[in-house]
Amino acid sequence: MSAWLVVWIVLGAVSTLALLAFVLALGRHVLIVGRTARRFQAEVSPIAEEIARGGARASERADRLGRGRRTGRS
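With numbering that gives the first Met the number 0, the residue at position 28 of the sequence shown is 27, and numbering never jumps.
Calculated from the structure, these hints are not laboratory results. From a predicted model like this one, the values you see are computed outputs, not experimental measurements. All C-beta atoms in this analysis are idealised placements derived from N, C-alpha and C, irrespective of residue type, glycine included. Misleading hints may appear alongside valid ones.
[To be verified] DEER-style ranges, computed between Cβ atoms: (1) R38 <-> V5: 26 to 34 Å; (2) W7 <-> A47: 55 to 63 Å; (3) L64 <-> A41: 33 to 41 Å; (4) A57 <-> R37: 38 to 46 Å.
Starting from the given sequences, assemble the full structure and let the hints guide the process.
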């Protein structure tokens, strides 16, 4: 085997191992971000539901007030 062939084989093996390490690190970070997103959703969901209920109540009240003015009532 020539020296250049050995160099290319070693370079290819090192590059493959480096790429594998990056893929594993990326997969680990995907799992971490997924866990964090689930936790964030669990913590924020009750607050978001409360805000949505408040918005629905405000919308219903605005509709009632608008109907009252159209029919001549205040």
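Going down the list of hints, with the structure as the test:
Under the hint 26 to 34 Å, the C-beta atoms of R38 and V5, about 50 Å apart, miss the expected range. At about 56 Å, the beta-carbon gap between W7 and A47 stays in the expected band of 55 to 63 Å. For the pair L64 and A41, the supplied restraint of 33 to 41 Å holds, since their beta-carbon distance comes to about 36 Å. Under the hint 38 to 46 Å, the C-beta atoms of A57 and R37, about 30 Å apart, miss the expected range.
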